[in-house]
Amino acid sequence: MSMLTPNAPLAAEGRADEGRADAQAGVQTGTPAPRFIPDRIEGPAASILKSWEALLLALFVAIFTVNSFASPYFLDIWNLSDATFNFTEKAIVALALAFVILSGEIDISVAGIIALASTAMGATALAGHPMPVVVAAGLLTGLACGAFNGFLVTVLELPSIVATIGTMSLFRGLAYGLLGDGAYTDYPDGFDYFGQGYVWEWLSFEFAAFLALAVLAGVILHGTAFGRTVRAIGHNPSAARFSGLRVKRVKFWLFLTTGLAAGLASVMLTSRLGSTRPSIATGWELEIITMVVLGGVSITGGTGSIPGVVLAALVMGLVTFGLGLLNVPGIIMSIVVGAMLITVIALPVLARRVALWLRRPAP
Amino acid sequence: MNGLGKVLQAREALLLVAGAILLALVSTRSPGFVSPSNLAGVFTDSAILIILAIGQAAVILTRSIDLSVAANLALTGMAGAMLNAAYPELPVPVLLLASAGMGLALGAFNGLLVWKIGLPSIVVTLGTLTIYRGFTFVLSGGEWVNTFQMSPAFLDLPRTVLFGLPVLAWLAVAVIAAAALLFRRTRTGRALYAVGGNPVAAVYAGVDAGRTVFLAFCFSGLLAGLCGYLWVSRFAVAYVDIAAGFELDVIAACVIGGVSIAGGVGSVAGAVLGALFLGIIKNALPVVGISPFWQMSISGAIIIAAVILNTRAERTKGRVILRRMDIGREAGA
Numbered sequence: 021m022s023m024l025t026p027n028a029p030l031a032a033e034g035r036a037d038e039g040r041a042d043a044q045a046g047v048q049t050g051t052p053a054p055r056f057i058p059d060r061i062e063g064p065a066a067s068i069l070k071s072w073e074a075l076l077l078a079l080f081v082a083i084f085t086v087n088s089f090a091s092p093y094f095l096d097i098w099n100l101s102d103a104t105f106n107f108t109e110k111a112i113v114a115l116a117l118a119f120v121i122l123s124g125e126i127d128i129s130v131a132g133i134i135a136l137a138s139t140a141m142g143a144t145a146l147a148g149h150p151m152p153v154v155v156a157a158g159l160l161t162g163l164a165c166g167a168f169n170g171f172l173v174t175v176l177e178l179p180s181i182v183a184t185i186g187t188m189s190l191f192r193g194l195a196y197g198l199l200g201d202g203a204y205t206d207y208p209d210g211f212d213y214f215g216q217g218y219v220w221e222w223l224s225f226e227f228a229a230f231l232a233l234a235v236l237a238g239v240i241l242h243g244t245a246f247g248r249t250v251r252a253i254g255h256n257p258s259a260a261r262f263s264g265l266r267v268k269r270v271k272f273w274l275f276l277t278t279g280l281a282a283g284l285a286s287v288m289l290t291s292r293l294g295s296t297r298p299s300i301a302t303g304w305e306l307e308i309i310t311m312v313v314l315g316g317v318s319i320t321g322g323t324g325s326i327p328g329v330v331l332a333a334l335v336m337g338l339v340t341f342g343l344g345l346l347n348v349p350g351i352i353m354s355i356v357v358g359a360m361l362i363t364v365i366a367l368p369v370l371a372r373r374v375a376l377w378l379r380r381p382a383p
Numbered sequence: 136m137n138g139l140g141k142v143l144q145a146r147e148a149l150l151l152v153a154g155a156i157l158l159a160l161v162s163t164r165s166p167g168f169v170s171p172s173n174l175a176g177v178f179t180d181s182a183i184l185i186i187l188a189i190g191q192a193a194v195i196l197t198r199s200i201d202l203s204v205a206a207n208l209a210l211t212g213m214a215g216a217m218l219n220a221a222y223p224e225l226p227v228p229v230l231l232l233a234s235a236g237m238g239l240a241l242g243a244f245n246g247l248l249v250w251k252i253g254l255p256s257i258v259v260t261l262g263t264l265t266i267y268r269g270f271t272f273v274l275s276g277g278e279w280v281n282t283f284q285m286s287p288a289f290l291d292l293p294r295t296v297l298f299g300l301p302v303l304a305w306l307a308v309a310v311i312a313a314a315a316l317l318f319r320r321t322r323t324g325r326a327l328y329a330v331g332g333n334p335v336a337a338v339y340a341g342v343d344a345g346r347t348v349f350l351a352f353c354f355s356g357l358l359a360g361l362c363g364y365l366w367v368s369r370f371a372v373a374y375v376d377i378a379a380g381f382e383l384d385v386i387a388a389c390v391i392g393g394v395s396i397a398g399g400v401g402s403v404a405g406a407v408l409g410a411l412f413l414g415i416i417k418n419a420l421p422v423v424g425i426s427p428f429w430q431m432s433i434s435g436a437i438i439i440a441a442v443i444l445n446t447r448a449e450r451t452k453g454r455v456i457l458r459r460m461d462i463g464r465e466a467g468a
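Sequence order for the protein chains is C and S.
According to this note's numbering, the stretch in the first sequence is residues 21 to 383, in order.
According to this note's numbering, the stretch in the second sequence is residues 136 to 468, in order.
Mixed in with the good hints there might be a few duds.
To be verified - With a straight-line cut-off of 25 Å between C-alpha atoms, the simulated SDA-like cross-links for lysine to any residue are:
(1) S:417 x C:198
(2) S:251 x C:381
(3) S:251 x C:374
(4) C:268 x C:322
(5) S:251 x C:363
(6) S:251 x C:197
(7) C:268 x S:444
(8) S:251 x C:319
(9) S:251 x C:203
(10) S:251 x C:320
(11) S:417 x S:301
(12) S:251 x C:323
(13) S:251 x C:367
(14) S:251 x C:268
(15) S:251 x S:308
(16) S:251 x C:360
(17) C:268 x S:436
(18) S:417 x S:251
(19) S:251 x C:359
(20) S:251 x S:339
(21) S:251 x C:293
(22) C:268 x S:443
(23) S:417 x C:245
(24) S:251 x C:369
(25) S:251 x C:198
(26) S:417 x C:323
(27) C:268 x S:440
(28) S:417 x C:381
(29) S:417 x C:319
(30) C:268 x C:174
(31) S:417 x C:373
(32) S:251 x C:343
(33) S:417 x S:164
(34) S:251 x C:217
(35) S:251 x C:105
(36) S:417 x S:163
(37) C:268 x S:308
(38) S:417 x S:308
(39) S:417 x S:444
Worth flagging that the hints you see were computed from the coordinates, not collected in a lab.
Remember, predicted model here, so these are calculated numbers, not experimental data.
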């Protein structure tokens with residue numbers, strides 16, 4: 021009988037009617053009910069978890085509506101278009117980092133990569149190279165940094181959190197070492213397009229690229245074997261390895277892609293600012309990780325979706341933009357974002373606990 | 136346990152040797168660097184990093200991480216400075232206690248979220264990092280508290296020289312001694328290792344794992360609060376961005392000192408040596424004529440080298456499979 025009690029809430033949480041039927045059957049026959057092990061957590065509380073994207077969408081709509089009433093300048097297509105600039109670059113890196121976090125790893129060096137790639141571009145531009153070479157320098161630097169991270173994590177098998185704390189210092193440190201307190205400000209003609217150009221009317225190149233990459237990332241994660249592989253690795257790396265998945269190779273690719281995405285973000289940011297300083301994109305790593313986690317990607321790996329990350333990026337962008345229009349200083353917004361991060365992560369846990377408590381077996 | 140202890144001692148000996156070689160190299164360029172008075176200066180300069188690294192070590196031992204220490208330091212430091220500016224007659228020990236108590240409360244908040252709600256510590260402290268820093272702005276309104284607003288007693292305490300060393304250095308010594316006792320000789324201290332080494336076994340052995348993690352966060356917060364006062368008083372200014380990014384230096388000191396991010400492995404001596412190693416480099420670079428701008432990349436390279444060495448050392452303990460799985464799981468946490 022003692023076996024039944026801990027099972028009952030589990031079953032109830034799992035699949036309400038079936039679970040209850042099992043429990044009753046157990047009571048009627050006097051034997052313990054067949055142990056019901058749910059293959060996934062469902063039920064009212066978990067349905068919130070499942071519709072994480074719905075929650076974010078509701079948040080998005082709410083913030084959008086509040087902002088429209090709060091400021092007369094909000095509902096202006098050009099203003100909204102301008103607003104996308106402050107989060108697009110971060111969101112592009114977040115798309116790639118989502119895969120890394122899904123696989124159970126983390127990359128804290130992304131902002132360091134942006135700084136080093138920007139420095140490389142500044143140096144090539146100073147040497148008089150044309151625009152395509154400058155862009156290639158940025159992307160290749162990102163790729164090389166990503167490869168180095170991947171090497172440390174997959175070949176030397178270092179824990180990614182400390183390895184990328186190290187490379188974060190290394191990459192940004194190289195930018196500081198090379199540039200010191202100087203700055204690169206001369207970029208070739210045409211380079212400004214990546215951060216300031218428009219594809220069509222009010223649709224900026226940055227935002228268009230973000231949308232295209234979001235679709236690509238979504239298709240890869242949710243529609244391909246590779247995407248499932250990444251999630252399998254995040255759920256249980258040992259089981260994935262025993263199933264014949266190339267865990268290390270996949271992880272290497274993910275770090276490489278994140279490096280490339282940081283390189284691309286660096287091209288856009290450098291082009292938008294028109295200058296490079298070693299302090300460029302300081303603190304972005306934490307904002308980008310916040311974006312991914314807020315998007316419903318579990319920090320321990322395995323669960324998460326691209327639509328969630330995209331919505332989280334939009335929510336963070338909107339909050340920042342809306343509060344900005346109301347002249348709220350940026351640092352207050354960081355309180356909002358930090359509180360949002362903790363609340364949104366804690367909410368499903370608390371909801372599940374309340375649901376368990378409500379469905380506890382009668383004494 | 137004895138074998139494990141030897142490995143640990145060997146690692147700290149290795150770090151000590153590396154530090155000595157570093158000092159010898161610097162002294163070939165500048166003999167004055169290794170004079171006792173200068174070394175005492177380096178120790179004093181590293182004192183805050185040492186104290187924070189010890190707090191962080193307690194947290195990392197339990198397989199958690201505290202990214203909010205620098206933000207905690209900024210908030211408590213700002214609060215202490217504003218309190219001093221508003222009520223200069225308030226005795227400094229009271230301010231010191233207030234800062235430490237406030238830091239403790241902020242650390243306890245982290246700990247409660249991790250313990251009672253079961254959130255991953257990296258997410259919690261990522262959130263509180265921005266929240267605490269934000270509240271520093273709210274509290275100060277973005278204003279600075281400048282030297283002339285602080286009372287002489289407030290500014291003088293860390294600088295007062297006792298028996299040849301400033302109080303700041305003595306405080307670090309006291310924290311080192313207390314932490315060494317705590318880690319090695321108390322139930323809670325041993326629980327830190329037990330929970331980090333194998334949380335399941337620790338629970339079966341009667342250790343309250345959640346409570347131990349909570350206490351580790353309280354300890355880290357308490358020391359961050361203490362450092363809040365020390366930082367503001369030492370640099371004689373308080374503003375929103377003080378110690379921004381310092382949390383990563385603190386974690387780096389632990390990692391260099393052999394505190395394993397996978398939990399359960401590490402010591403107070405290691406954390407102290409790791410912090411001193413970074414302190415020596417920071418102080419030696421200008422002396423040997425390397426631009427301080429290179430300091431960041433050098434510490435980055437040292438962190439990577441230290442992690443490689445430590446990971447290799449952990450693997451020779453004859454439980455390769457278990458360890459690797461642990462590391463793999465921890466990597467994401």
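Against the structure, the hints:
1. S:417 x C:198: holds, 18 Å
2. S:251 x C:381: holds, 23 Å
3. S:251 x C:374: holds, 14 Å
4. C:268 x C:322: holds, 16 Å
5. S:251 x C:363: holds, 14 Å
6. S:251 x C:197: Roughly 44 Å separates the two Cα atoms, so the pair is violated.
7. C:268 x S:444: Given that 25 Å is the threshold and the Cα spacing comes to 21 Å, the pair holds.
8. S:251 x C:319: holds, 18 Å
9. S:251 x C:203: violated, 48 Å
10. S:251 x C:320: Cα-Cα ~18 Å, so holds.
11. S:417 x S:301: Status holds; Cα separation ~20 Å.
12. S:251 x C:323: With Cα atoms ~22 Å apart, residue 251 of chain S and residue 323 of chain C stay inside 25 Å; holds.
13. S:251 x C:367: holds, 13 Å
14. S:251 x C:268: violated, 35 Å
15. S:251 x S:308: violated, 34 Å
16. S:251 x C:360: Holds, at roughly 18 Å.
17. C:268 x S:436: It holds: about 23 Å lies between the C-alpha atoms, which stays within 25 Å.
18. S:417 x S:251: Cα-Cα ~40 Å, so violated.
19. S:251 x C:359: holds, 17 Å
20. S:251 x S:339: Distance ~19 Å between residue 251 of chain S and residue 339 of chain S Cα, so the pair holds.
21. S:251 x C:293: Outside the cut-off at roughly 44 Å; violated.
22. C:268 x S:443: The hint holds at about 17 Å.
23. S:417 x C:245: Not OK: residue 417 of chain S and residue 245 of chain C at ~48 Å, beyond 25 Å, violated.
24. S:251 x C:369: Within the cut-off at roughly 10 Å; holds.
25. S:251 x C:198: violated, 47 Å
26. S:417 x C:323: At roughly 42 Å apart (the allowed maximum being 25 Å), residue 323 of chain C and residue 417 of chain S break the hint.
27. C:268 x S:440: holds, 21 Å
28. S:417 x C:381: At roughly 61 Å apart (the allowed maximum being 25 Å), residue 381 of chain C and residue 417 of chain S break the hint.
29. S:417 x C:319: violated, 34 Å
30. C:268 x C:174: holds, 5 Å
31. S:417 x C:373: Outside the cut-off at roughly 49 Å; violated.
32. S:251 x C:343: At roughly 32 Å apart (the allowed maximum being 25 Å), residue 343 of chain C and residue 251 of chain S break the hint.
33. S:417 x S:164: Measuring from Cα to Cα gives roughly 15 Å; hence the hint holds.
34. S:251 x C:217: Status violated; Cα separation ~49 Å.
35. S:251 x C:105: violated, 39 Å
36. S:417 x S:163: The given pair, whose Cα atoms are some 17 Å apart, holds under the 25 Å limit.
37. C:268 x S:308: Violated - the C-alpha atoms of residue 308 of chain S and residue 268 of chain C are around 44 Å apart, more than 25 Å.
38. S:417 x S:308: holds, 20 Å
39. S:417 x S:444: Holds: residue 417 of chain S and residue 444 of chain S sit about 22 Å apart, inside 25 Å.
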